[in-house]
Amino acid sequence: MRIRTQFIVAMIISGLVLLIVAVSVLWTNQQIERLNMQEEIAISIERGASELSYLSNDYLLFREDQQRTRWETKWSSISRDLAQLKPSSPEQQIIADNIKANHQRLKAVFDNVASASHDTTRTPAAESVQSFTQVSWSRMAVQNQGIAFDALQLSQVIRDRKDQVRHTNSLLIFVLLGAFSAYFITNYLIVQRRLLASIADLQAGTKVIGSGNLDFALEVKRDDEIGELSHAFNQMTADLKGVTASKAELEVEIAERKAAQQALHAEQERLSVTLGSIGDGVIATDTEANIVLLNGVAEELTGWTLEEAAGRPLLEVFNIINETTREPAEDPVDKALKTGVIVGLANHTALIAKDGTERSIADSCAPIRALDGAIIGAVLVFRDVTEQMRLEAERERLHRQVEDELEISNLLLRAADTLAEPIDLNGVLESLADIVLDVTGSRRIGIYLLDKATHELQAKAARGESAIPVGSKFNLKQLAPQFQSVVYDKQSRVIDYESADVAEENRQRAESLNIKVSLSVPLIYKGDVLGILALDNPGERQNVTERDIELVEGIAAQAAVAIENARLYEAERRIADTLQEALLTVPEGMNGLGYGYMYRSATEGAKVGGDFYDLFELGGGRVGITLGDVSGKGLQAATLTSVVRSTIRAYALDGHCPSKIMAKANEAVRLASGPASFITVFFGLLDTATGKLTYCSAGHPPAILHQAAGVELLREHSPIIGAFAGMSYTEEETYLQKGDSLVLYTDGVTEARHDEEFYGEERLIDFLTQAQEIPVKEIPQAIYNDIVAYSGGKLLDDIAILAISLAGEPRDRY
Amino acid sequence: MLFSLFHWQVNLVIDIKLRKAGVPNVNMLTLSGEFDLSDQERAQGLLPEILTENCNGVIVDLTGVTYMEEAGIETLIYYLQEFTRIGVYMAAIVKPESGLMNKLKRLGIFDCMGIKVFSSVGEAEAAIEAGRCK
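So the sequences go chain by chain: A and B. Numbering-wise (the numbering used here), the first sequence opens with residue 1 and increments by one. Numbering-wise (the numbering used here), the second sequence opens with residue 1 and increments by one.
There is no bait here: all hints are sound.
Using C-beta positions, here's what the derived DEER-type ranges look like:
(1) A:G441 x B:G64: 43 to 49 Å
(2) A:T545 x B:N25: 54 to 60 Å
(3) B:G64 x A:S466: 54 to 60 Å
(4) B:R19 x A:A266: 52 to 58 Å
(5) B:G64 x A:S277: 52 to 58 Å
(6) A:R397 x B:L37: 38 to 44 Å
(7) B:L37 x A:S466: 39 to 45 Å
(8) B:N25 x A:A708: 57 to 63 Å
(9) A:L391 x B:L37: 40 to 46 Å
(10) B:L37 x A:R715: 27 to 33 Å
(11) A:G527 x B:K134: 50 to 56 Å
(12) B:G64 x A:Q770: 31 to 37 Å
(13) B:K95 x A:V711: 24 to 30 Å
(14) B:N25 x A:T585: 52 to 58 Å
Treat the hints as calculated values from the structure; they're not laboratory data. Each residue gets a CB set at the ideal place from its N, CA and C atoms; glycine is no exception.
Use the sequences and the hints to build the structure in full.
As structure tokens, this is what we get:
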């Protein structure tokens, strides 16, 4: 039986026992109570009988009605007691019946006495009356005594009955309690023994399992709670075994979870520190655009603390406007939350802080997504770009300024390059007109040069619509005072011919030329006004800016230099050209000698260069042959050419040999030239009779002796002339035959280039080898033509070529 | 600015670098590119920078010169004249068998002044250390 069932049964039995005991006690009490009442009734009857005895005697003595009434009342009282009497045993019933019978007989006796007393018709004798009274008294005394005795006996019986009931009840209770106690003790001992044994088994099993033996199992002996506990214990052991089997994995998992937790904590710390130390303002909101977080920078920029801003709508704290329109800017968080994409702030966004401070800000807002992709808020990252914007604006301004300056510089540089190309005055002026027309966009340009002696302005170059004809002259003093001031005040002027400042006469003249507004800029060189550069848009009020004036003045400044240089160059060139023409003059013909020559300057339109040649007769059939190259150009080069040419001629005529002549020329040139100037010269003395050529080549490219047998390079390694003092020179000799040609040239020939490649000696030799049929007179031009063809006409250096051959057969040299 | 741009454009033609040589008290002047008239003034103007205090020798590296017209030759002569005047010796580095080497040989500039010509910087520095350039 299960312990629980046993316990319930024990409880039920206990209850029943207690119930029986209680019922028994109650019943006993009721019985005793009832018996007590019966006993009292019996005692009352006994007393009533005694009293009736007294009352009977009294009546018998006095025969008064009062006594009779009292006797009858009492008798009735006993009658009521008898009526209440409930005998509970046969013995009691017999006694009660006797009492009732005696009671009735007593009544009958009394009634008989009473009736005898009231019957007047009957007058008994005294003896009879006494006898009757005695008999009646006796009879009533017997009856009363009988009642009293029976009543006393009845009360005794009732008392006995009460004692019996009490005894029986006590016995019953004792028996029941004894039986229950015996049952309880027995049951307790049995259950306890079973429980203790089972608990001892469990305790032992626990120790075994606690020692690590998870294979131990308790023996299930009973099918009750202990058995179930043993079974559960065994199940627990099995589960524990399963759990223990995965202990290592569990420990690893715990370790991993701890590590992950630590990493998460560290990450949170790092994020917190990062957020706090980040240089940008960061505001995070929930999906309702209410603020949940501000970092320190955001607090500083907005003027709101996190405590103040937390929970507030973003726009209450992050008050942004368009800097240009001053209208509220678009809410980036709202847009990010609605679109789910990163939103950049519009340009020119300003943040108004809590204290009204306005800052330019930039950056973006991005939605915050949970792992499942759902948007759970937005993060706004922004930074103060006020200084950056200011710097940017300043940078842009400077950039524009630099660009303007660069553009002007480029234009001026272009102008400088363009103006540097022509070396003649007209070329400069024409270039200037083209440049100004090109860079200013003006539709009419006029360049006027000033004749200081006559105060006349003469148009030298013009461009555009209704341009004033070149050559036109104007008396400066007759022009508008504003225009005159350009010359006399040496300042640029924008003249509005429709303004009231301009005299009517000058306005009419301007109208006749269709001038509305013009810019006039002086061409100034070293403080002298060389002329005026004037530009306008015919029939239009041209808007002339400061930049236009600056640009044209820059061009005019360069143009003035170019004009002055061109003027000087023209003067120098006239001299140099004259000198060069004189220096390059060779005789039309020489006895015994055939020759050809040519000279080309690399500078277009100018003869001035550093190359020269010379042929002169020394008498006796001897001829001096010179070809040289002076470093530098212009008048100085022409001067040095003159010096070396004259020196060579002089010493040659004086009969010196080439090496001696060159040494003399070196000293002469060195004294006449500037530092580092030098000359390369080939000088030879040719005896036309014998064909003997004695020569010295002072740093000059080797002459080429073209013979029927082949080509010979006349290398002779003397140093250059004019650079160093005290140089010694050597000489070589060779012989020309009829038909041979001696070709002298400057390095402009061999250094002519096609791209990066030089024409070179080999190409020249090849050309001469293939050009044997060309007459000597035409050789220089033929070589030149080949060079031009090779270089594409782009010669970088002057070229001088001299070709010589003997006219007749030389006599025997010996 | 105009001047700067102008100079910058010139630099496209010739590149001039000045540095200390690997030998004490010797400076190295390296010229590269084409040397024409427009470079002359600037190159000659570098002379004070070349002749620094305690400088007693100059190596002129011409291996990077692709073309040298009269103005370049004049500059070399100018350097030589000035070096000679103040007693600074000079060594030149020229690519052997090059057009420039042939031209310089023809002009006789180095020969007549006893200037040593080498084909590499190391060769020149070794010669200077050995005292063969003085």
